[in-house]
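Go ahead and model the full structure; you've got the sequences and the hints to work with.
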Amino acid sequence: MSGLVGKGVARVDGRAKVTGAARYAADQEVPGVLHGALVMSTIARGEVLEIDRRAALAHPGVVAVYTHADLRRLNVPNFPFNRRFIPMQETRVHQQGQPVAYVVAETLEQAQEGAALVKVRYRVEEPVVRMADVLGEAFLPERFRDRPNEISRGAAAAAFEQAAVRVDRTYSSPMQHHNPIEPHTTTAVWENGTLTLYESTQGVVFARDAVATAFGFDQPAEKVRVVSPYLGGGFGAKGPTYPHTLLTAAVAELCGRPVRLVLSRAQMYTSNGHRAEHRHHLRLGADRQGRLTAIESTSTAQVTRVDEAIYNGSESAVRLYACPNVHVRQLGVRLDLPTSSYMRSPETTAHFGLETAMDELSYELGIDPVELRVRNHTDVDQQADPPAPYPGKRLLECYRVAAEAFGWSRRRPKPGTTRDGDEYVGWGMATETHTHAAIPSQVRLTVGTDGRATLRTATQEIGTGTYTVLTQIAAEGLGLPLGHVTTLLGDTAYPAASLSAGSATMPSVAGPAAEAAAQARQAVIALAVADPRSPLHGVPAGEVVAGDGRLSARGRTDTYRDVMRRHGRPVEATGSRRNTGGHAFGAVFLEVRIHPRLGRLRVSRVVAAYDLGRVLNRRTARGQVIGGVTWGLGFALMEHTMVDPNTARVVNPNLSTYLVPVCADVPSVEALFVDPEEPDAELNGIRGFGETPGTGVPAAIGNAIYHAIGRRLRDVPFSQDKLL
Amino acid sequence: MRAFGYTVARDPAGAVRTATNTPNATYVAGGTDLLNLMRDGAEAHDHLIDVNRLNLASITACSGTLRIGAAARMRQVAEHAGVREEFPVLSEALLASASPQVRNMASIGGNLLQRTRCGYFRDAGSACNKRVPGSGCPAITGQNRSHAVLGGSDHCIATHPSDLAVALTALEATVHLLGPGGERAVPIADFYLLPGSTPDQETAMRPGELITRVDVPRTDLAGRSRYLKLRDRATFEFAVVSVAAALRTRGGVVRDVRLAFGGVGTRPWRDTRAEAALRGRPLTPQAIQEAGRLLVADAKPYEGNAFKVELVQRALVSILGELGGLR
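So the sequence lines, in the order shown, correspond to chains A and B.
Mapping of the first sequence onto the working numbering: position 705 corresponds to residue 705, and the numbering continues sequentially without gaps.
In the working numbering, each number is its position in the second sequence, counted from 1, plus 1000.
Bear in mind the hints are in silico, worked out from the structure with no lab data behind them.
It is possible that part of the hints are untrue.
Unchecked claim - Stretches of chain B that chain A covers, calculated by requiring three or more beta carbons in the stretch to come under 8 angstroms of a beta carbon on chain A:
1. 1066-1079
2. 1105-1113
3. 1234-1245
4. 1309-1323
The C-beta atom is built at its ideal place from N, Cα and C for all residues, glycine as well.
Right, dumping it as C-alpha cells:
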C-alpha cells in the first residue's frame, strides 16, 4: 500500500485547469456549429398570442427562428427533469424567463441580436408573486421521488403542550440562486439518428436518459451520448436536466446542423432552478435538563402552479437529535415563479431554523449551546424501524475538538458583554450535517501493455476533485505511482456511474474503484507468477506485494511494465460494489464582530470539525470546507434573489447585484477532521461529505449575532439594516 | 448586442468631430460599464469612439488646482501621492470602488458617467423611464432597497452609483467639457440633474461633448477629508450609504465643513443646509445629529429603503466624530 488515499494530493487536473488546457463543455470544437439564443417570456403568466420573427430573420447571420409551432412534440422526462412541462410545446406561459422562441445564427452575437429582435405579443394574466400574500393556501404536496412531505413519530403536539420549556418561532430565507461561474451550456450534434450532447451537467448518465426519454428512444445508450469532461461549478444547478437542453437537441435536429447554446447569466435566474423561498415554523419542547421532548416543524416553500416538488428536506429535524415526539410537515404555496430545485446543501434551508431554535432553547434553559447538543446526541437513526445505529458516528468528538480549538470555554455566556474597541464580539456555534446518497456505479480499470493504468467511469468532475481522488484510489489499489494512472470521466461511453449530486459521488464510485484496482492488481500478479520469464515465477500470488509500480516477494521484484509488456495485451477489471446512503456530521464555531452604530458585521474566525468517515484527500476535503463555509456565509449575510412583486421578474439577475461573498468577507477557516486512526483499506462505506460543511453556518452566524448584541435575527440575509 | 462601428480618436477635437458627425455614437474609455450596458440591452450604440489615446490621462498640480485628466485610470488617481496627501477623500472613495481589475481599466470620465445599478434600468425586459421614457418606474412599487430617499420623482428614484462623484461633490470640483461649440466648465453641483420628469437626462452634457478633465480646488479643508462607505459586503459593491466629509475645526468649533452623500440621492447628494447648521458651532454629537435631521428632512422613503434615513444620519455622526476627534 502506498498510502496515497487520505493524503492531501494536489489536483491531478490542476495544471490543465489553470492553464486553460482543460476543455469544458462549450470549449469542444464542433465543425459547422450554429449558435443558439433563447427568446424568453417577459410575462409571468398568460399565453403567447403572436410571435413576429421578421426582423430577426432579416438580421445578418440568422439562420432560423423557431417557435412552439415548429418544434416536435417531446415527452416530459421524469427525474432528473423534475418539472411537468416543456416550454415551446404550446402557447402557455408559466413563468418569467420561459423560452418562447429559439434563434439560431452563424455567430453568437448574431443569435443574441436576433433574439432581441423577435417581437412577442401575449395575453397577460395577473401573477401571484408574494408568498406572504397566499400563505393561507399552503398545502401538503405529493411525495417527490418517494419522499413523503409529512413524517412523524410519537405525539409531538401533545408533548409540546406539556413541555417544561418551549421555543415557538418562525424562521425564513429568500429565493437564492446557485450562480456557478460556468453558465449552462449544451451543444447538440446529430449524426445518423444518434445524438451527442456536450453538456454542462453533474450527471452525464442521468442527462442521457432524460434526453432519450424526451425523444422517445428506448435504448438510451445506443442513441444518445453525453460528454461533460469538466464542470465550472454546479452546486445543484446542473444536477437536473433542463428544458434548454431538450430544446437545443430538438432545434439541432430541425435545422440539420449542430447547435450550441450558452445561457446568459440573466437567463440562469429563470432556467435552472433556485432555492425556494422558505418559511419555517418550529416548536421545540424540552425538559428542564434540556432533553428534547417535542419537535414540531412546519415549513412552507414556494412551488408553482404546475410543479410541487419540495427540495429543502427537513432531515435534521427528523434525525439529528434524540427526541421521541417529532412531527414534520413540508408545505408548498403556488406562485407564478420558476420551478425551484436542489441548491447546494438543500437541507441547510430547514437546518438554519432548527439550529437557531436550539440556540434559543439554550438561552431559555441557561445551558451552554454545546452542552445542550451533547445532551440531545443520538447514535441511532430514530426514524428507522427498528432504530438503527449510525456506523462510526463521531459527532461528539467534533463538538469537543472544535470547541477546544476555538477556545469556547472562555466564552462569556451573557449576550452583549464582549467588546473590542468599537465592536461587539459574539461567538456562536451550530451542528453541521447533511444526508448523502449512494448511486449504483461501475468503474473500469485497464492496465495497458506499458504497465500504466486508465480508469474510466461515467461520473464527472464538478470541481470537487473527483479526478484526483479516483486516481489516488486506483494508484494505491494497484500499487502504481500516481502519475501512472489516468482517470477519464464525464462521458456516457464509459461505464454508467453516479450523478455528482446529493454528495453521492465518492460514496458511489470509491468502492467500485478500489474493487476494480484490487482485481486488476491480482490479475497482473497472477500473470507474473505464472510467467516463467518473471523473477516471481512460481511464488504464491498471495505473497506478492505491489507498490510504486513494482511487484515484490521473497526479495525478488518484477514491475508492472515488464509483466504487461511480456503479456502483450491489456488487463481489464470492473468494480461495481454498492454502498448505501447516510449522513456526515460536524460542528462549526465562529466569531462575529459588529459595529453597533453602523450595523457593520464581519465574520472574523471560523473553526469547524467534521466526521465524514474516512478522509480520501485532506486537501480537497479542506477545499470543501472552505467552499461550504463561504456558501453558509453568503446564505446568512447577503444572498437574495429579488423578485418584482408586480411582474415577477428577477430584479438582480447578475453577479453585480446578486451578492455572493468576496475574499474580503471570508476569514481563514480552520478545518479539522476526526477520521478514524485505522482506515478501512477496502473503502467500504465511504460517506459523502460535499454538502455537510456550511449547513450550520447561517445559524452559527445568527447565534453569534445574538451573543454579540442580544438581538435574535430569524430572517436571512442578516443585512446591515437588520443590525441597526 | 448588435454590431457597432469603432474608431480610435487621435486628438480630442477629432473625437468630438466624429461624435458629432456619426449617428448614435458614443465615447468609450475603459468600457467597464458601457460594454455591460450594451450586452444587457440597456444601451445601444452604432458607433464607439475610443478616447484612450487622447493624451488626457495626466494628473497635474497647478497653483490652487489639481487637474485630473478624464482618461486617468481610477487606480492611477487613487495611488497618486499628491491626491492621497491633499485629497484623502478622493483616494479613499476610489479605493472603495469596484475591484482592482476594474480600477486598472476604468477612467475618471467614464466613472462620472456610469449608469445607475437599478435592476429595472439594466433589464431590457422591464419598464424604466430612464431607459425608455414614459414606460413607467417599477421600482417605486417594487424592489427599491438600493434606491434613493432624496431627490426622487414619480418617474425615477434610481441612485447614481459613483463614489468618486460623491467625493468630487464634497470637494466642489469642476468638470471640463469639449464639444462642437468649444470648451466649457460645469461645477459638479450643476453637472448631475435631478430626475424630475426626464430621468433619461442625467447630466448637463450636450450632444457630442467629451469630458476632458476634472479640476479640484486645493484647499486646507480638502486635506482633512474622509470617505465612509457602507455596503452589503466587504468590497466590490456599491454603496448602501456613503459620506464624503471634509472638516476644519479650531478649538472644537467647526470652521468649515463640506458633506456629500452617496446611495441616498438620485444624484451625488449635497445639502448646504446641513453644512450651515454645523459651521461656527462646537462639534458635538448633538450638533451633528441636528445637521443629520436637516439632511433627511425632505426624505421620501419606500418599503425597501426606509432604513437609509436612519443609516445616513448614523454614518454622518460616525465620520464627523472621527474627523473631529470625538469618541
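Right, here's what the structure says about each hint:
Note: the segment 1066-1079 of chain B has 0 residues with beta-carbon separation from chain A under 8 angstroms; the three-residue rule is not met and the coverage is violated. With a threshold of 8 angstroms between beta carbons, the proposed coverage of the segment 1105-1113 of chain B by chain A is violated, since 0 of its residues qualify and at least three are required. With 5 residues having a beta carbon nearer than 8 angstroms to a beta carbon of chain A, the segment 1234-1245 of chain B meets the requirement of three or more and the stated coverage holds. Requiring three or more residues with a Cβ within less than 8 angstroms of a Cβ of chain A, the coverage given for the segment 1309-1323 of chain B holds, as 6 such residues are present.
Consistency note: the structure conflicts with the earlier hints numbered 1 and 2.
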